[in-house]
Amino acid sequence: MKKLVAAAIAAGLGLAISATAASAQATLAQVKQRGMLNCGSNTGLAGFGVPDAQGTWKGLDVDYCRAIAAAIFNDASKVKFIPLSAKDRFTALQSGEIDVLVRNSTWTMTRDASLGLLFTGINYYDGQGFMVRKKLGVNSALQLSGASVCTQQGTTTELNLADYFRANNLKYEVVAFATSDETVKAYDSGRCDAFTTDASGLYAERLKLTNPDEHIVLPEIISKEPLGPSVRNNDPQWFNLVKWVGFAMLNAEELGVTKANLDAQLKSENPEVKRLLGTEGKFGEQIGLTPDWAARIVKLVGNYGESFEANVGQGSLLKIARGQNALWTKGGLQYAPPVR
Amino acid sequence: MASTPSDAREPGRASLLYDPKIRGYFYQIALLAIVGFLIWSAASNAIENLRAQKIASGFGFWHNPAGFDVNQKLIPFSASSGSTYGQAFLVGLLNTLLVAALGIVFATVLGFLVGVGRLSHNWVVAKLATIYVEVIRNLPLLLQLFFWYNAVLKPLPDARNSIHLPGSIYLNNRGIILPSPQFGPAFEVVVIAFLIAVAAAIAFFIWARGQQAKTGRQYHNGWISLALVLGVPLVVFFLVGQPLSFDYPQQGRFNLTGGMQIFPEFVALLVGLSTYTAAFIAEVVRAGILAVSKGQTEAANALGLRSGPTLKLVVIPQAMRVIIPPLTSQYLNLTKNSSLAVAIGYPDLVQVFTGTVLNQTGQAVEVVAITMAVYLTISLVTSFFMNIYNKRMALVER
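Sequences listed follow chains A and B, in order. At position 150 of the first sequence (counting the first as 1) the number is 150 in my numbering, and the numbers step up by one without a gap. At position 20 of the second sequence (counting the first as 1) the number is 20 in my numbering, and the numbers step up by one without a gap.
Be aware that one or more of the hints could be misleading.
As the list claims (entries may be wrong) - Distance windows between CB atoms, simulated:
| no. | chain 1 | residue 1 | chain 2 | residue 2 | range |
| --- | --- | --- | --- | --- | --- |
| 1 | B | LEU142 | A | SER140 | 37 to 47 angstroms |
| 2 | A | ALA29 | B | VAL368 | 27 to 37 angstroms |
| 3 | A | ASN169 | B | SER180 | 30 to 40 angstroms |
Treat the hints as calculated values from the structure; they're not laboratory data. Just so it is clear, CB atoms sit at the ideal spot from N, CA and C, and this is done for glycine as well.
With the hints as constraints, model all of the structure from the sequences given.
This is the structure we're talking about:
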């Protein structure tokens with residue numbers, strides 16, 4: 001009996017040990033072998049990552065994962081989306097449950113330096129805002145002294161909230177929930193006067209409220225929230241790959257390569273387009289992909305601008321303007337290094 | 001030639017390999033060594049992997065400023081005063097202990113009432129108790145917590161239309177807002193008077209017991225103790241000039257300000273845990289009472305004891321022996337179940353520490369290990385005290 005117990009313990013621990021040892025292996029090789037990309041995604045945030053009525057995942061972050069799959073497999077559907085709450089997301093990435101986390105997560109110094117993660121870039125420049133009921137008659141966040149505020153725990157939002165009220169010497173009561181659904185439900189039921197999250201999230205979550213028209217988003221943006229994908233800090237090849245998938249989508253938009261004109265662009269004489277689409281040079285091979293990696297991304301997913309408009313911009317319910325997320329050539333902040 | 005059995009089994013000459021005692025030791029040592037090795041290799045493997053993945057480790061985060069706020073706190077805690085993760089841990093721990101301690105009290109009282117109610121000869125009471133137990137016991141606790149949270153929250157008016165109860169108590173969907181007591185400096189005297197009164201009551205109780213054993217004379221122990229414990233502090237309170245005032249809630253821009261707020265998350269969790277555990281305790285109590293054979297009651301009746309003393313002196317002391325061990329595990333369950341608070345936003349240990357602190361520091365291994373150690377300690381301490389009580393109640397054989 002004792003021997004049996006010992007054997008069982010040994011087997012269990014052995015499994016645990018071998019599982020952790022495997023995560024040190026190159027991520028790209030693992031993904032290829034699995035035939036599927038495991039992508040950490042939001043549990044449901046309109047515009048960024050949410051399954052539609054048919055169960056197909058849609059959103060700006062979802063498109064990023066699809067673009068990675070398109071570059072690796074030439075098939076944008078080879079992604080398994082794993083919905084994660086804010087407080088579970090980094091643990092899932094650290095433990096190897098997911099290959100990449102694209103879940104409207106804010107890039108911060110601590111997350112880069114001590115969580116064992118690396119952010120690969122910024123796919124959405126955001127800032128934190130507040131939403132309140134119109135009937136409260138509040139038109140600035142500075143009038144929120146004494147208010148109770150609902151927020152999701154384990155987020156930078158929770159910290160910015162404390163900072164903002166401290167800096168402006170305002171009193172408040174925080175009510176923190178584990179998931180965004182619970183947070184929104186509590187706000188909707190009147191538990192809180194205000195709801196705070198990233199501004200893009202406010203517009204998305206407002207659609208879930210009983211009467212969206214009764215709520216307004218206050219003008220103050222109280223923080224910088226650079227949202228982007230992150231990977232584990234032990235695989236430079238994979239880090240590069242994920243980073244350059246984002247750059248490819250931006251470069252494609254900048255060079256005017258779209259889903260519709262891709263075939264024409266493949267015959268383009270513009271050297272920048274040729275390098276991007278792999279008709280000249282073999283740039284994709286440097287990051288473990290094929291030369292036509294970027295062409296695959298544009299063909300199957302689209303460039304950054306197309307993805308933006310379809311998910312959060314004019315083609316969506318959110319109707320968010322490009323603003324800071326316009327290309328640098330159009331007065332925005334989105335900028336990608338060149339393929340050369 | 002066949003050897004005789006005495007040749008082969010000569011003491012001292014038997015092979016060590018076949019000595020059951022030596023074998024037993026060998027297996028135990030081997031098992032210990034294997035378990036020790038596995039624990040060591042798992043731990044060193046974890047440390048190695050954390051280092052390889054460049055994840056921070058160690059307990060240095062304990063003294064770092066937390067930078068977030070918590071609504072319900074029993075000790076001062078705020079981002080603006082630079083409170084640390086260590087203090088956040090304490091806030092969560094105290095909230096867990098608060099809800100567990102109150103939950104245990106309410107669940108015990110309710111459980112005993114329902115358990116006795118199920119055995120009542122009154123048909124309505126017995127059936128109501130049965131329905132209560134069967135319904136509550138057979139629904140998942142998480143579901144019940146959601147029910148209570150929404151049942152507490154939804155029907156109440158918003159903060160600007162609070163229900164005003166007598167005594168400046170307000171009720172709205174932000175919770176219950178009570179006047180908060182402000183203690184004057186002389187209030188300490190009242191507390192000391194209270195403690196002295198409690199000591200006096202205990203002394204009187206012991207003396208009365210002795211008198212009863214000696215002379216058979218009975219005193220009204222309960223009433224006299226109550227008069228002492230309540231009366232003495234009250235008299236002292238008025239003598240030292242009523243050192244107690246109240247801070248009354250005022251209507252503010254969003255909510256009432258001042259006073260003391262009992263949060264709806266806390267109420268929902270407390271009600272959910274108490275009613276759920278009470279259903280189990282009711283069954284434990286019923287089992288305990290039924291375990292006392294009917295002959296005991298009949299014998300007490302034959303001796304001329306009325307039904308009150310029969311219950312108090314004969315049935316309950318024997319039932320308690322059966323009740324206490326399973327009651328202990330119900331207490332432990334309640335404490336551990338309080339971690340479901342995370343679902344309704346009550347800032348308990350799991351919500352604050354393994355939720356926000358874990359996420360902000362990213363040190364899952366340390367944070368989860370500390371949390372497990374805390375629950376283990378709470379459970380062991382609870383068991384320890386219940387075991388002492390159990391020993392006192394256990395059957396003493398002479």
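Cross-check of the supplied hints:
1. Checking the proposed 37 to 47 angstroms range against LEU142/B and SER140/A shows it holds: the Cβ atoms sit about 39 angstroms from each other.
2. With their beta carbons about 30 angstroms apart, ALA29/A and VAL368/B fall inside the hinted range of 27 to 37 angstroms.
3. Evaluation of the 30 to 40 angstroms hint for ASN169/A and SER180/B yields a failure: the beta carbon distance comes to about 23 angstroms.
The structure shown violates just one earlier hint, number 3.
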